[in-house]
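If you read the sequences in order, they're chains A and B.
Position one of the first sequence corresponds to residue 1 (my numbering), numbered consecutively onward.
Position one of the second sequence corresponds to residue 280 (my numbering), numbered consecutively onward.
Honestly, the hints are just simulated from the structure, not real lab data.
Remember, it's a predicted structure, so these values are computed and weren't measured experimentally.
It is possible that some hints are incorrect.
To be verified - Pairs of lysine to aspartate or glutamate residues, derived as EDC-like cross-links and limited to a Cα-Cα distance of at most 20 Å, are as follows:
hint : chain 1 : residue 1 : chain 2 : residue 2
1    : B       : Lys-401   : A       : Asp-40
2    : A       : Lys-268   : B       : Glu-455
3    : A       : Lys-138   : B       : Asp-319
4    : A       : Lys-167   : A       : Glu-210
5    : A       : Lys-138   : B       : Asp-324
Below are the chains, spelled out letter by letter.
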Amino acid sequence: MVGSKRSSKSKLAIRYAIAGVLLLVMVYPYLYMVLNSFADWAQVDRKLIPNSYTLKSYSWLFTGGETGITRPWLGAFLNSVIVSLLSTFLMMMFGVMVAYALSKLKWRGRDTVNNFILFHMFFPAIILLIPSFLIIQKLGWYDTYWALIIPKGVSLWAIFMYTNFFKAVPTVFIEAAKLDGATDFKILYKIMMPMSKSITSVVFLFLLMERWTELLWDMIMVRSDGMLTLNVLLSQMFGPYGTYPGPLYAGSVLLSLPIIILFIIFGKNFQKGMQVSLK
Amino acid sequence: MKENNNRLGWLFASPYLIYSIVFFLIPLVWSFYLSITNWDLIAPDYDIVGFGNFAKALKSPGVHAAFWVTYKFMMIFVPLVVVMSLIVSILVHSLPRFKSLFLIGFFLPYLSSGVVSSLIVKGFLSYNSPINTALRKIGINIDWLGTSWSALLIVGLIMAWKFTGYYALILTSGLESIDHEVYEAAAIDGVTGRQRFWKITLPLLYPALYTTLILAFGVTFGIFTEVYQLTGGGPKFATNTWQMEIYSQAFKNLQAGYASAIALLASVATFISIFIIRKLLEKWGARNGWV
């Protein structure tokens, strides 16, 4: 075992201390954000740890304070929730379906589709940005939820992860279920999905996080205030509202909190899933 | 039975197939077509200008900057993030308890939005921030985001901060797969400290390290949010990444045709660079006998 020597106890203490300090340095920016969101406005960005606190930043977010301009925070928050959850749901559902076809079904064209997905994956996405914008316009989806959800409803990475994972699931389970008369849809949701719980929490968290914090796509696809996602709204506040750092920090807290809460909920499975998916 | 599976396979794959036609193949062809037009993103009419856009792009300072900024950023970001994540993973791996708690803590920055991290950094670096106030007292006065070298450095630091915990997770699972007996055998042979790292840990960690490096190099070609929020590509194009340049040309200057040409150039540059980097990494590993 580790630490069989006598001097190792003090060595271990030093290691914990270094790891603790390093962790604090890494997490401090988050603390800085939270502290500043509650800080008295005279102290925002003036002190490493403010000593006078107020809720003014949060109330300003919703009332607009002396500017009187109310920002659609709640709406943007709801938009983010709707868009992220639906997109993530689609990405996972389609990811699982396609992965099942690629890993457990024998069909003509499978290798072609598989190779095509690999080709697609290695393609720099930036080249597609402008024509995708045009397609959204032609479909009449510009400035609607469709533009934010449907094009973000398929994730190559999710397909790739699930395909690799499903390949490791013994075919015996599937054959046994087939003998009992189960359909492929049933096998998918009654056998494959429960077996991939740990990897599912990894995929879910990464997809949701990425969708939740997407800026470029959301910025281009919608125009009206009521359609903005929280991330875009916060980004817009940078400009004309840049003189109100307190509310900006409060908005940042609103944006960060849901993901952190989910991460804590899924934390245990996540760790396990990461190990599985990295093998 | 077999016929049945054929239909089922296509059915299950159909969401992806439809998606790839609408949001990959059509845009792909369209972007080639757009790149030879002078379309302005709004007007219904536009002319075909041939390879004029490409000629213009190859001479434009914004495109030159985007090309070089990518590699300059790479020189800052990749060593920083890989060394940091190596340190974190080796340190955390040696802790007998609370390992996953630490790792999850280090992973936290990865969950933050680029908008949020940019905001925090902007606050940190504002004129009256505690850091700048303290620095001014000892005679150092730097406009962090307004100076070319520091602006790029700051963006590199944010990205390294964000990705360290994620890559540390990958490296830790690599470390965990190394058999403990290897170390014990080496200890009997008198292999110590530094040698132990270079002769045992690094070679056996190489697969995980390779994954980390490829991911880190990949990140450098897709930077947008942090740059858009903090510098808008400035000062003097010092942080003008490919994505920033394409976005500005298409959606700010409304030169969609021209921006499509730049996007094509960016894709070619990215493709070739990643191909070369992969080959070099594989050679490096093979020469040391790690693969």
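Okay, the hints, checked on the actual structure:
1. B/Lys-401 x A/Asp-40: Measuring from Cα to Cα gives roughly 18 Å; hence the hint holds.
2. A/Lys-268 x B/Glu-455: It holds: about 17 Å lies between the C-alpha atoms, which stays within 20 Å.
3. A/Lys-138 x B/Asp-319: This hinted pair holds, its Cα atoms lying about 16 Å apart.
4. A/Lys-167 x A/Glu-210: Violated. A/Lys-167 to A/Glu-210 sits at ~26 Å, over the 20 Å cutoff.
5. A/Lys-138 x B/Asp-324: OK: A/Lys-138 and B/Asp-324 at ~15 Å, within 20 Å.
Hint check: a violation occurs at hint 4 only; the rest are consistent with the structure.
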